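Visitor: Residue strings, one per chain:
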Amino acid sequence: MADFKKVEPDLSFIRGVMDSGGETVNRCYQCATCSVVCPLSNPDRPFPRKEMLWAQWGLASKVSGDVDVWLCHQCGDCTAYCPRGARPGDVLAGIRNNAIKYYASPKGLADIMSRPTGVVAIIIFFILVVLGEIFLLGHPFIPKGEVDYEKVLTVLPIDAVFMPLAIFVVIVALKGVFEFWHDISAGAKLPQSYTGTYPRPKLGDLICDYGWKSIIEILKHDRFKKCGQTAERAKGHLWLLWSFIILFFVTNYVFIGADIFGMHVPLSMFHPVKILANIGAVMLIAGVLMVKAMRDQKTKEGVLSSATPDWILIYLILAVGVTGLGAEILRLLNIAVIAYPVYYLHLGCVAALFLAVPYTKFGHLVYRTTAYIFQRWSDEIRAGRNGFAKKMTLDH
Amino acid sequence: MSKKKGLYIYTGDGISEVIDIDKLVELASGDLGVDVVKTHDDLYSPSGVEMVKKDIESEELQAVIIAGVSPRIEYKQFDFPGIIVERVNLREFVVWSNPTPGEGDDAEKFKEHVQELAEDYIRMAVAKVDKAQLPDPYKPETVNQRILVIGGGVTGLTAALEAAEVGHEVTIIEREPQLGGFAAKLRKQIPVGPDYSSLIDPIVGDLIAKVQANDKITVKTSTEVARIAGVPGEYRVSLKEAGTKSEWDAPVPLTDEEKVDENGKELSAEELHKKYEEKNEGRRHYMEVDPNAEIYGAVVVASGWKPYIPKEGEYPHLAWGNPNVITNVQYEELAKAGKIKRPSDGKEVKSVAFIQSPGGKEDDADFPYASAVTSLVALKQAKYLREDQPEDGKAYVIYQHMRTPGQYEYFYKGIQDDPGIFLTKGAVTEVKDNGSGGLTVYVENTILGDDISIDVDLVVLATGMVPTTKDEAVINLAYRQGPSFKDLDLFGGYCDSNFICFPYETRRTGIYAAGGVHRSMTIEEAMEDAAGAALKAIQCLVAAEEGHAVHPRTWDFDYPDFYFQRCTQCKRCTEECPFGALDDDEKGTPKPNPTRCRRCGTCMGACPERIIGFKDYNIDIVGSMIKAIEVPDDDDEKLRMIIFACENDAYPALDMAASKGLSWSRLPRIIPVRCLGSVNVAWIKDAMSSGMDGCLLLGCKFGDDYQCHFIKGSELCNRRMENVAETLNSLGMEPERVKLEQVAIDDYDRVPQIINDFVEEIIGLGPNPFKGW
Chain A
1 MADFKKVEPD
11 LSFIRGVMDS
21 GGETVNRCYQ
31 CATCSVVCPL
41 SNPDRPFPRK
51 EMLWAQWGLA
61 SKVSGDVDVW
71 LCHQCGDCTA
81 YCPRGARPGD
91 VLAGIRNNAI
101 KYYASPKGLA
111 DIMSRPTGVV
121 AIIIFFILVV
131 LGEIFLLGHP
141 FIPKGEVDYE
151 KVLTVLPIDA
161 VFMPLAIFVV
171 IVALKGVFEF
181 WHDISAGAKL
191 PQSYTGTYPR
201 PKLGDLICDY
211 GWKSIIEILK
221 HDRFKKCGQT
231 AERAKGHLWL
241 LWSFIILFFV
251 TNYVFIGADI
261 FGMHVPLSMF
271 HPVKILANIG
281 AVMLIAGVLM
291 VKAMRDQKTK
301 EGVLSSATPD
311 WILIYLILAV
321 GVTGLGAEIL
331 RLLNIAVIAY
341 PVYYLHLGCV
351 AALFLAVPYT
361 KFGHLVYRTT
371 AYIFQRWSDE
381 IRAGRNGFAK
391 KMTLDH
Chain B
1 MSKKKGLYIY
11 TGDGISEVID
21 IDKLVELASG
31 DLGVDVVKTH
41 DDLYSPSGVE
51 MVKKDIESEE
61 LQAVIIAGVS
71 PRIEYKQFDF
81 PGIIVERVNL
91 REFVVWSNPT
101 PGEGDDAEKF
111 KEHVQELAED
121 YIRMAVAKVD
131 KAQLPDPYKP
141 ETVNQRILVI
151 GGGVTGLTAA
161 LEAAEVGHEV
171 TIIEREPQLG
181 GFAAKLRKQI
191 PVGPDYSSLI
201 DPIVGDLIAK
211 VQANDKITVK
221 TSTEVARIAG
231 VPGEYRVSLK
241 EAGTKSEWDA
251 PVPLTDEEKV
261 DENGKELSAE
271 ELHKKYEEKN
281 EGRRHYMEVD
291 PNAEIYGAVV
301 VASGWKPYIP
311 KEGEYPHLAW
321 GNPNVITNVQ
331 YEELAKAGKI
341 KRPSDGKEVK
351 SVAFIQSPGG
361 KEDDADFPYA
371 SAVTSLVALK
381 QAKYLREDQP
391 EDGKAYVIYQ
401 HMRTPGQYEY
411 FYKGIQDDPG
421 IFLTKGAVTE
431 VKDNGSGGLT
441 VYVENTILGD
451 DISIDVDLVV
461 LATGMVPTTK
471 DEAVINLAYR
481 QGPSFKDLDL
491 FGGYCDSNFI
501 CFPYETRRTG
511 IYAAGGVHRS
521 MTIEEAMEDA
531 AGAALKAIQC
541 LVAAEEGHAV
551 HPRTWDFDYP
561 DFYFQRCTQC
571 KRCTEECPFG
581 ALDDDEKGTP
591 KPNPTRCRRC
601 GTCMGACPER
611 IIGFKDYNID
621 IVGSMIKAIE
631 VPDDDDEKLR
641 MIIFACENDA
651 YPALDMAASK
661 GLSWSRLPRI
671 IPVRCLGSVN
681 VAWIKDAMSS
691 GMDGCLLLGC
701 KFGDDYQCHF
711 IKGSELCNRR
721 MENVAETLNS
731 LGMEPERVKL
741 EQVAIDDYDR
751 VPQIINDFVE
761 EIIGLGPNPF
771 KGW
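Just so you know, the sequences run in chain order A and B.
Per our numbering, the very first residue in the first sequence carries number 1; after that it's consecutive.
Per our numbering, the very first residue in the second sequence carries number 1; after that it's consecutive.
Bear in mind the hints are in silico, worked out from the structure with no lab data behind them.
It should be emphasised that the depicted structure is a prediction, and the values quoted were computed from it without experimental measurement.
Okay, derived cross-link-like pairs now, SDA-like style, lysine to any residue, Cα gap no bigger than 20 Å in a straight line:
1) A/LYS6 to B/LYS432
2) A/LYS5 to B/GLY449
3) A/LYS50 to B/GLY449
4) A/LYS6 to B/THR429
5) A/LYS5 to B/ASN434
6) A/LYS50 to B/ASN445
7) A/LYS5 to B/LYS432
8) B/LYS350 to A/LEU11
9) A/LYS5 to B/ASP455
10) B/LYS425 to A/ALA2
11) A/LYS189 to B/GLY449
One side of the interface only, derived from the structure: several residues of chain A facing chain B at Cβ under 10 Å:
12) LYS6
13) GLU8
14) PRO9
15) LEU11
16) VAL17
17) GLU23
18) ARG27
19) TYR29
20) ARG49
21) LYS50
22) LEU53
23) LYS62
24) GLY85
Don't be surprised by glycine CBs; every beta carbon is placed ideally from N, CA and C.
Chain A extracted, bound-state conformation (with noise of 0.2 Å):
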């Protein structure tokens, strides 16, 4: 007797996926050419064909537990061959969006999260939150004399709100990618102990074996280069990675040396830290509006559509750019009626951008993340390398 799994479609999930860019999910019909085409696909278990279908029928856990949906970069190349303009990586995207949804707790954030509305609108809580700090602290708002940030609200009061968002994020963003880690193992059919779990590395090979490598190639953008249709996006995909991790380092330099060592702040305009952040910041405004510019120019190609969740990161990210440039350019001009607004905007625009990482598209640095180094890990489980057998075998 075979084996047969209760199939429940769940059509909030297929409304889901085609609210979010996968309108066309529901024209395929299964000719796989998407998945001869695609330059990423995996010759053992090809993609997007299933994917396509499993979107179709709305299986949710299925397709948010499917590794692969997130080793495609939207190169197009199968929304360019596909003979029923399907766009099957325009709906993968979609799926993408879904999955980080399925995965976010709670889920009603992510649904504020998901509408433009609802993100200007969680800006506009950060803002007034930093505001009630000042007023609190009994601060002028617009305070008198040379523009200087310190005045309104040191180091401290930020981080106060800062550092319990950064946990929040942190947490809700490990939970969801265990979360993932699982439904990714069952998906991939990996062997399950007799309690029903799935084989998991070593933390040491985790990060030496498999982070690693994984994190040197996404960092060289490897796998995006080799998109058909759009490679070219992946230069300012590539601009704006260094440009979060250079930001990445200098935030976490200011914060340690100011909160702990009582270093002072704003740096000086030539220290090497305060060269480098500027230098990250230029990068960052430059790579998303590359990003921007590729992405309005392959929609107009035909080979590539863009959803709210797209608009709303790349705004997001523009946003926080601008902004913080703003703010220090005002500073340095010291116009204060206008810079002290710019930096509060900033301020909620930073918040915001934290919460869009476990919430949005920006979920993608940690998924695709973590589905890189799965990849890496559950091949050497199917070719017996590693899991449950080689545990065994080191005990004896």
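Based on the hints, put chain B in the right spot on chain A.
Guide: Just chain B now, with coordinates in the frame of chain A:
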């Protein structure tokens, strides 16, 4: 009877390089007594045609022989009214098929053989034109222009409108009390035009309105055909109220089983007659004339289809018998009545599984009588559920084949766009009551990658459309061969004579099929089909008026002639005619109906008395052609065989083989025949008695996948060959000397080998022992 004739030899295309033209001219103008013999290196050009034309006028020629390319090409030139024209295939059959001496062939001998071949073909042509006569077309006194349409559904309505539009009066008869047929029972229908993406309201109402507004169309509802007697151009149709009996109901002949007693012994003529009378008690004789019959020229059969309803106990694995397992037609009724409700308890249906193929994992065939239509209907009906339950309705289509041909691909695409319609290929292995009012469907080998089970409220089986001609005569012909179409079991009951070659022709000339009787088709396809059948019916009337045959011999103004004084009433012709063209009288003397005839010559081949023939194709003409062939008495290297090649398939295959430079033996001579069915045993006797060593018959495939233009010809010929074998045996000759081979038109690569193998076999048998007698 010698005619004044001219021979014109084409010398281009390499003909003069292989054949000694001078010798040929010498033969023709000398021994053969041809009055004018000329050559031309560009005979088919206007100058060549002009040359022949001038000769006809100045020399008062009665017949012209054009020796050059195959008669199948350049056939439009040399068409002179009142002149018999015969074409000799020198290029393909003599020159191109013998480009160079084969390996080990002596060059001199090769030349000699090829020359003899060419000379024989000229001799045969001369013999033929000497005997042939010009056709004298049969033109009935009146050809009634009215068209009868049987069936008032979409097909019938369309056929009537199409015929009325070009001026014909039409009568539609419909068995039901109202017009519309099945199309009037639909909630919505599959689109009939761009953009094809969504369901449309049934269009049949418009058609009915148009028909009712058309003063050339008469509608008779609740009416059936009792009998159709007569011939194309003058059918006498007796009508009756649907479901009643009538004295004019067409009599039904005895079946083969009824013709024997319980021991399998054939009944005597009297017993047969008695049995026949009993069987047809209360019915008038088929030849009797109903004075009240209506006259029509041609008939379109559009009686449609009936839904296939599985028998009790059929498809147990699909839970057939459970009230919630229904056919697509039953589902259509539910949908037409309003929101779809579950038959078992009246609950609104939220989920439906449409099962397209019943065979589980063993067999991926769809239901009987299903086709692309059932795929399209499943898509349409899936949409019904979504119309009723737009929020949470779920329609599953489980198929082995999703057939959406042509523009219907857009329909498929449009339906698929609905997020509540789920499609997968898969094998439905079981349907079970799930205990909570619904059903669970188990599907294996899905393209989802898993074996799945689905809970649904309703299961719909994509059962097919059974043609009405499967179980009923429908046309009720008062013909000698009986009231129904013949051998429809070959096509599963579909009313068809050859779907690919002759889509509308039935085996009864003047009666054309369209729509659901023809194959299962959509409304759009049925309308197109109806237009085709209406045109065919009109063409048939024109053919009757002008006195030529219908497809496939539309150029033929001749018709078979019977020399009744010598008829022995053996009934072979009346029984063997594939088209039921011959009726008979009380004694069994055949009564020809030329407008029913398709001029295949099967009657001529069947006749043991050799009394049936055509003006330019008869026992004597072909016999004379055979006798015209020079058969050397004492040369073992020059055995001679005759090949009768069907001119529809085998002959073109030979032409093609030659044009591709393929060679075959130079010993046989080829005579084209209209159909192997027209080959009379007399010709084989003629060949053998004139010293020929073998006889090969190349005809179309017969049997279930027959390719015969005249349906039964090659099969009948094959049956006659058994008698020939007996005759040869009695003469002390090997029966292997006569052989029938089936050749398809695309068998050009095979046909030279078939000939060579036969020649080898004959050489092995040695010369005809009666040679030289």
